[in-house]
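Participant: Full structure from sequences and hints, please.
Protein chains in written order, with this note's numbering: chain W, 1 to 352; chain Z, 1 to 352; chain C, 1 to 352; chain R, 1 to 352.
Please note that the accuracy of each hint is not assured.
You can't tell identical chains apart in this list, so a pair holds if it fits in one copy or across any two.
As a list, the in silico SDA-like pairs of lysine to any residue whose alpha-carbon atoms are at most 20 Å apart [said to hold, decoys possible]:
| # | residue 1 | residue 2 |
| --- | --- | --- |
| 1 | 221 | 47 |
| 2 | 310 | 230 |
| 3 | 318 | 342 |
| 4 | 310 | 210 |
| 5 | 2 | 310 |
| 6 | 310 | 234 |
| 7 | 166 | 100 |
| 8 | 166 | 313 |
| 9 | 318 | 142 |
| 10 | 340 | 55 |
| 11 | 342 | 291 |
| 12 | 318 | 352 |
| 13 | 310 | 142 |
| 14 | 318 | 260 |
| 15 | 117 | 323 |
| 16 | 340 | 324 |
| 17 | 17 | 326 |
| 18 | 310 | 233 |
Treat the hints as calculated values from the structure; they're not laboratory data.
Spelled out, the chains give:
Number of protein chains: 4
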Amino acid sequence: MKGLARTGRGAPGWVEKEKPVAGPRDAIIRAIAIAPCNSDVHLIWGEMGNFLPGDRIMGHEALGVVDSVGNEVRDFKVGDRVVVPAITPDWSTVPSQQGIHQHCNGPLTGMPFDMLKDGTFAEYFHVNDADANLAHLPDGVTVEQALMVVDMMTTGFYGAEMADVKLGDTVAVFGIGPVGQMAVAGAHLLGAARILAVGSRPNLVELAREYGATDIVDYRKGDTVRQIMDLTDGQGVDAVVVAGGNASTIGEGLTVLKNGHTLANLNVMEEATLPIPLGPMAFGLGGKTIRGDLCPGGRARMEKLLALVKAGRIDPGKLINYRYTTFEDLLSALMVMHDKPKDLIKSAVILE
Amino acid sequence: MKGLARTGRGAPGWVEKEKPVAGPRDAIIRAIAIAPCNSDVHLIWGEMGNFLPGDRIMGHEALGVVDSVGNEVRDFKVGDRVVVPAITPDWSTVPSQQGIHQHCNGPLTGMPFDMLKDGTFAEYFHVNDADANLAHLPDGVTVEQALMVVDMMTTGFYGAEMADVKLGDTVAVFGIGPVGQMAVAGAHLLGAARILAVGSRPNLVELAREYGATDIVDYRKGDTVRQIMDLTDGQGVDAVVVAGGNASTIGEGLTVLKNGHTLANLNVMEEATLPIPLGPMAFGLGGKTIRGDLCPGGRARMEKLLALVKAGRIDPGKLINYRYTTFEDLLSALMVMHDKPKDLIKSAVILE
Amino acid sequence: MKGLARTGRGAPGWVEKEKPVAGPRDAIIRAIAIAPCNSDVHLIWGEMGNFLPGDRIMGHEALGVVDSVGNEVRDFKVGDRVVVPAITPDWSTVPSQQGIHQHCNGPLTGMPFDMLKDGTFAEYFHVNDADANLAHLPDGVTVEQALMVVDMMTTGFYGAEMADVKLGDTVAVFGIGPVGQMAVAGAHLLGAARILAVGSRPNLVELAREYGATDIVDYRKGDTVRQIMDLTDGQGVDAVVVAGGNASTIGEGLTVLKNGHTLANLNVMEEATLPIPLGPMAFGLGGKTIRGDLCPGGRARMEKLLALVKAGRIDPGKLINYRYTTFEDLLSALMVMHDKPKDLIKSAVILE
Amino acid sequence: MKGLARTGRGAPGWVEKEKPVAGPRDAIIRAIAIAPCNSDVHLIWGEMGNFLPGDRIMGHEALGVVDSVGNEVRDFKVGDRVVVPAITPDWSTVPSQQGIHQHCNGPLTGMPFDMLKDGTFAEYFHVNDADANLAHLPDGVTVEQALMVVDMMTTGFYGAEMADVKLGDTVAVFGIGPVGQMAVAGAHLLGAARILAVGSRPNLVELAREYGATDIVDYRKGDTVRQIMDLTDGQGVDAVVVAGGNASTIGEGLTVLKNGHTLANLNVMEEATLPIPLGPMAFGLGGKTIRGDLCPGGRARMEKLLALVKAGRIDPGKLINYRYTTFEDLLSALMVMHDKPKDLIKSAVILE
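Facilitator: And the structure:
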C-alpha cells in the first residue's frame with residue numbers, strides 16, 4: 001500500500017509498504033478522509049521529527065472504514081464507518097489510570113501515530129485497542145465534521161477546558177487558525193460571555209465570529225495587550241488560550257490574565273527556552289497558572305464531542321476550506337498546510 | 001509608638017508614629033511576638049519595595065493581644081490573645097468571592113501589611129476585619145508555634161497543596177529554608193510516601209528529616225536533576241515545590257517532574273524574566289502545570305492549621321533558632337535574616 | 001412604608017413599618033421590580049416558616065434603585081440601578097471563607113432576606129455589605145431579565161453546575177417550572193449535547209425547548225424512568241437536576257443516572273424523610289453522588305450571570321408570564337404563585 | 001484445583017474445578033495469602049448474591065505468585081510475587097476512560113472476582129489485564145501488610161478521599177471494623193486534625209487510636225450524635241465516613257455533618273430503601289453531599305498505597321488478628337467473618 005512519509009527533514013515523500021495487520025484487539029482501517037495537521041508540518045520540517053525513521057508514514061487525523069479487526073474486538077466489525085482520534089492511548093498503563101493518557105508510556109506517547117508507528121497518511125492504517133480507541137460515525141454527522149473532531153475540536157476544546165473557562169467568563173484566544181477556532185467554540189460551549197479572539201485574516205475573523213468570538217483583536221491595529229486591556233476596562237480576562245503566535249505570545253497572555261486564573265497553551269513550541277515575564281506574574285506569586293498538553297483522545301472523548309456535533313451545537317466541518325478528493329492529493333494537502341496561503345484554515349482529503 | 005520602617009532601599013530604620021486606631025470592624029493588636037520574613041528582606045533591600053513610602057513600617061508575621069476593637073467586632077475582645085495571619089484580605093471583593101483572596105483588590109493586596117499599610121514591626125498594629133482575619137490562640141499551642149503558622153506554615157503547606165500532593169506520591173522540595181521545611185511537612189501531612197528535599201546545611205537537613213523528608217539531595221554532591229532521577233529509578237516525581245534556589249531551579253523542577261503533574265513556586269522572583277526550558281515540557285505539550293501564589297490567609301485558614309498544631313501533628317515552632325526577647329531586638333532579628341548565617345532557619349522576637 | 005408579611009401560617013398580609021436604615025457598609029434599596037418565589041410560598045403556607053415573627057416582610061427577589069448607602073460603601077451611590085441577589089451573605093465568616101457562603105452563619109443564613117430580616121416585598125429594603133452584595137444593572141440588560149437572574153437563573157444554573165454537566169453530556173432535568181427552565185438553560189450553556197426535560201404543560205414545554213431541551217419527557221404519557229431509558233438506548237444520563245416533583249422524584253433521578261455521576265437537588269423538601277431507593281445505588285456503592293444546595297449569591301456571581309445576559313447568550317426574562325405593575329399588585333402576584341394556574345411560569349411586579 | 005464457592009444462599013462449600021487459563025494479556029496466580037471480606041459474607045449469606053451460579057468461587061482479596069502469563073504481558077513473569085487488587089477493571093471501556101473504572105461495564109463490574117468470574121478463594125485464580133491490574137510486592141512490605149492493601153486499605157482510604165478530608169479537618173468515622181480502621185488511617189494521612197471514631201470494642205478502639213483516632217465515641221455510652229456535637233462544641237464535623245452501623249447511621253452522619261461538606265458511605269446496604277432525614281439537610285438545600293462507591297483498584301492505585309506501607313507511614317497488617325495457615329483453613333477464616341466474635345478485626349490465611 002501507499003503512504004506519505006517523512007523521508008528526511010523537510011522531505012515528505014511517498015513510500016510503498018505492506019498493509020498493516022491487526023493484533024487480537026486492534027483494527028485496520030481503510031482511510032476515507034485524511035487531514036494533515038500543523039504538527040505534521042512541525043514533525044516533517046522541524047527538528048522535532050529528527051528522531052523518526054526515514055520511512056515513517058506521517059499523519060494522525062483520519063476517518064475510515066474497518067477493514068479487519070482482531071478476534072477480541074467486541075464493538076466494531078468489518079465495514080463499520082469509524083472516527084479515529086489522533087490520540088489512541090494504551091489505557092492499561094499507570095499514567096493512563098491516573099488520567100494522564102496523553103503520556104501513557106512516556107511524553108506524547110498517547111499519540112502512537114507519528115511518534116511510535118506509521119500514521120494515517122496511508123491507504124490503510126493500524127489502530128491499537130479498537131474498542132477503546134474508535135468511535136462509530138453517528139448518523140447525522142458528516143465525514144468532514146467528524147474529521148475535524150479527531151484533533152482540531154478535541155484540541156481546541158481542551159484549551160478552553162484547561163484554561164478552566166466558567167459561566168460568564170471573559171476569555172482571550174490567541175490565534176484563530178483551526179485550533180484557535182475550536183478554542184473559541186469550546187469557550188463558547190462552556191458558557192463564556194465574552195470571547196476576545198486575536199487574529200486578522202478576514203475569512204478567519206468571520207469564522208471566529210460564527211464560532212462565538214464577541215470581539216476581534218487585530219494585532220496589526222496596535223498592541224495586543226493594550227487592546228485587550230481596553231476592551232475589558234483594564235480588568236483583563238478570566239482565561240487565556242494560546243493557539244498561535246510565538247514564544248512571546250505566552251507573555252502577552254499572562255499579562256492580560258487576571259490573578260488567580262489560568263493560561264492554557266496548545267502551541268507546539270520548538271524554541272529551547274520559553275521566556276516568562278515575571279512582571280505580570282507578581283514576582284512569581286500572582287496566582288497565575290500555566291498549562292499545556294496534548295488533547296485528550298480515546299473513544300469516550302470522541303463520543304462526547306460527536307454528540308455535540310450530532311446535536312447541532314457546533315459544526316466543525318466549516319474549518320475545511322482546502323478540499324481534495326484523491327489519495328494522491330494528500331501531498332498537495334500537506335504542502336498547503338506547510339505553505340500557509342493567506343486564506344487557509346484547514347486542508348483535507350475527502351475520499352468518500 | 002515605635003516601629004521598624006523601610007526608610008529607603010537597603011535602609012531599615014526606627015520610626016515613631018501614632019498608635020493606629022480601629023475602625024468599626026477592625027482591631028488594634030499589641031505585639032507579643034514578631035518575626036521578620038524573607039520577603040521583608042526582599043522588600044527592604046530589593047527593588048521590589050521601591051514603591052513604598054519612606055516611613056512604611058514593615059513586617060507581616062506577628063502574634064498579639066487585642067488592645068482595642070471596633071464596635072461591630074463580635075468574636076474578639078480586649079485582652080484576647082490572637083494569631084494574625086500574614087494575609088488579611090478584604091473578603092467582600094469580587095476576587096475574594098471567587099476564592100482569589102490573595103489578590104482581593106489587585107496583585108498581592110491580600111497582604112495589606114507592607115503593601116498597603118504599616119505592618120507588624122511595631123508595638124501596635126492594625127488588623128482589618130477582625131472577625132474574619134484573627135484567630136484565637138488555642139490552649140495547647142505555644143506562642144512560638146503560632147508565630148510560625150501565620151506565614152511559614154501556611155505558605156509551605158500551600159506549596160504542597162498547589163502541587164497537588166496525593167496519597168503515596170513522591171515529592172521533590174527544592175530548598176529547605178523555613179518555607180521549604182514547611183513544604184516538606186505539608187507534603188508529609190497530605191500523605192506523600194517519599195519526600196526528596198534539596199538542601200545541604202546540616203541543621204536544616206536534620207530538621208527536614210524530622211518534618212518528613214525521606215531523602216536528602218545535596219546539590220554540592222552532584223547534579224540535582226541526576227540525583228533525583230537516580231533516586232526515583234528514572235521515573236521523576238509526582239509533585240515539585242520550589243521554595244529556594246534561583247530562576248534555574250524552576251527548570252530543574254520541571255525536568256524531574258512527571259508528565260501530567262504540577263510544579264508550585266513559593267519563591268519571590270525579582271528577575272525580569274523566568275526562562276522555562278521547553279525540553280522537559282515536551283514542546284509545551286507535556287501536561288506539566290506551573291503555579292505560584294501567595295499563601296492563603298484569614299481566620300478559617302489559621303484555625304485549620306492551628307488545629308493541626310494543637311493536635312500534635314506538627315510542631316512548626318522548631319523553625320525558630322535565632323530567638324530575641326525585646327522589641328528593640330527586632331532590628332537584629334531582621335539583620336540576621338538579611339545576613340543569613342549558615343545555621344539560620346528563622347529568627348523571631350518573643351516578647352511574652 | 002408598606003410591606004407584605006407572613007402574619008401567620010397561610011396568612012400573607014400587608015404591614016406598615018419604618019423604612020430601614022443603612023449601617024456603614026449597607027444600602028437601602030427602593031424596589032423597582034419584585035418577584036415572589038416558590039420558596040416564599042413554602043415559607044408562608046408551609047411549616048417551614050413557623051419560626052418567623054408575625055410581621056416578617058417576605059421576599060428575596062428584587063431589583064431597585066439605591067436610596068441611601070453607608071459611608072463605607074465605595075462602589076454604589078444613591079440613584080444607581082442595582083441587581084440584588086437573593087443570597088446576600090456575610091462574606092467574613094469561616095464558612096464563607098471556605099466557599100460555603102450559603103450557610104455563612106448557620107444553615108441557609110446566606111439568605112438573610114426572609115430568614116433573618118425583612119425581605120424584598122417592601123417599598124424599601126436593606127442590603128448588607130452593599131459592595132459585596134449588589135451589582136450594577138448593566139446597559140443592555142432589561143429589568144425583567146435581571147429580576148430573573150437574582151434567584152431563578154442562579155439557582156437553575158447551579159443545579160447544572162452541581163450536577164457537574166460536562167461537554168457532550170446527556171442531562172435529565174426533572175421539572176420545568178422557572179427553576180427547571182433555568183437548569184435546562186444552564187445545562188445548555190455548560191455544553192450538554194442532549195437535555196431531557198420532564199414536564200407536560202404546553203407553554204412550559206415550548207419554553208424549555210427554547211432554552212435548550214432536546215427531548216421532552218411527559219410523565220402523563222408513561223413511566224418517566226422507562227421513557228428516559230428508552231431515549232438513551234438504556235444507557236441513562238450523565239447528570240440529573242431535580243427541580244420539581246416530589247420525594248419520589250429523587251429516586252427516579254437516581255434510577256436513570258449512570259454510575260459515577262451526580263444528581264443535584266434544587267427542590268424545597270418539606271417531608272421529614274427522603275426515601276432513597278438502594279437498588280439503583282448498587283447497595284450504596286454505585287458511585288452516585290447526591291447534592292442539594294441554595295444557589296450562590298453575592299456580587300461576583302451576579303456579574304458573571306449578567307454578563308451572559310448582556311452578551312445575548314440567554315434571555316431569562318422570558319420566564320415572566322404573569323406581569324403586574326403596581327406595588328399593591330404584589331399580593332396578587334404572590335397568590336398566583338400559590339394558586340399555580342396551569343400556564344403559570346413566573347409572576348413579577350415591574351414598577352419601572 | 002480446589003475452591004470455596006457459594007453453592008447456595010448461606011451455603012459456602014468446596015468445589016473442584018479446572019485450573020484457569022491465561023488469555024494473551026492475563027495472568028494465573030497461585031495464592032499465597034487470602035482473606036475473606038465482609039462483602040463475601042453479604043454475597044454468600046445475603047440476597048445480594050442470589051444471581052450467582054452455584055459453583056462460583058468467591059473471594060477478592062489475595063496475594064500470590066505468578067503461575068503463568070499470556071504472551072502480551074510485559075511487566076510480570078512466572079515466579080513474581082504480586083499484589084492483586086480486589087478491583088481489576090477493564091480499563092478500555094468508556095466509563096474507565098471517564099474515571100469510573102469501578103463500574104467499567106455496568107454497576108460493580110470493576111470487580112470481576114465474585115461478580116463475573118471465579119474469585120480468589122482458590123488455589124489458582126485468573127487476573128485480567130495483568131500489566132494493568134497487578135503490582136509487584138515491594139521489598140520491605142510483608143505479605144500480611146500487602147494483603148490488607150488490596151481491599152481494606154484502598155476502601156477505607158477512599159472513604160476519606162470521597163469525604164474530601166482536608167488539612168486540619170475534624171472527621172467522624174462511623175464503625176471501626178477493618179474498613180473503618182483504614183478510614184481512620186486514611187483521614188490521618190490526609191491531614192485531619194481530629195478523628196472521632198464511633199465504636200466500642202476494646203481491641204478495636206485501641207487499634208483505631210494507633211491509626212490516628214483522637215476521640216472515641218462509644219454508642220453504648222449515650223447518643224452518638226449528641227456526643228459528637230459535644231466533642232465539637234456544637235459545630236459538627238467537616239467530613240463523615242460511614243463504615244459500619246445500619247441504615248440509620250447515614251442519618252446520624254448527616255446530622256453531625258457541617259453544611260457544605262460530604263458524607264462518604266462504604267457500607268454494603270441491603271435494605272430496599274435508605275431513609276434520609278431532611279431536617280439536617282435543611283429541606284434538601286443544606287449543601288451536604290452524599291457519596292458511596294466501590295474502592296479504586298488497578299495497578300496505579302496499588303503502587304501508591306504500597307509506597308505508603310513501604311515508607312512506614314502505615315502498617316495495615318495490624319488488622320489481621322485471626323490467622324490461619326493452610327488452604328483448607330479458608331472455610332474457618334470465612335466462618336469467623338460470618339460469626340463475628342467480639343474481638344474480630346480481620347481473618348486471613350497466610351500460606352507462605
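Participant: Hint by hint, say whether it matches the structure.
Facilitator: Verification of the hints:
no. : hint         : result
1   : 221 with 47  : neither (33 Å within a copy, 34 Å between copies)
2   : 310 with 230 : between (38 Å within a copy, 18 Å between copies)
3   : 318 with 342 : within (17 Å within a copy, 44 Å between copies)
4   : 310 with 210 : both (18 Å within a copy, 18 Å between copies)
5   : 2 with 310   : neither (33 Å within a copy, 53 Å between copies)
6   : 310 with 234 : between (39 Å within a copy, 19 Å between copies)
7   : 166 with 100 : between (23 Å within a copy, 15 Å between copies)
8   : 166 with 313 : both (18 Å within a copy, 14 Å between copies)
9   : 318 with 142 : within (11 Å within a copy, 35 Å between copies)
10  : 340 with 55  : neither (25 Å within a copy, 59 Å between copies)
11  : 342 with 291 : neither (30 Å within a copy, 37 Å between copies)
12  : 318 with 352 : within (18 Å within a copy, 45 Å between copies)
13  : 310 with 142 : within (9 Å within a copy, 34 Å between copies)
14  : 318 with 260 : neither (35 Å within a copy, 32 Å between copies)
15  : 117 with 323 : neither (27 Å within a copy, 52 Å between copies)
16  : 340 with 324 : within (16 Å within a copy, 60 Å between copies)
17  : 17 with 326  : within (19 Å within a copy, 58 Å between copies)
18  : 310 with 233 : between (38 Å within a copy, 16 Å between copies)
Figure legend: structure checked against the earlier numbered hints; hints not met, in rising order: 1, 5, 10, 11, 14, 15.
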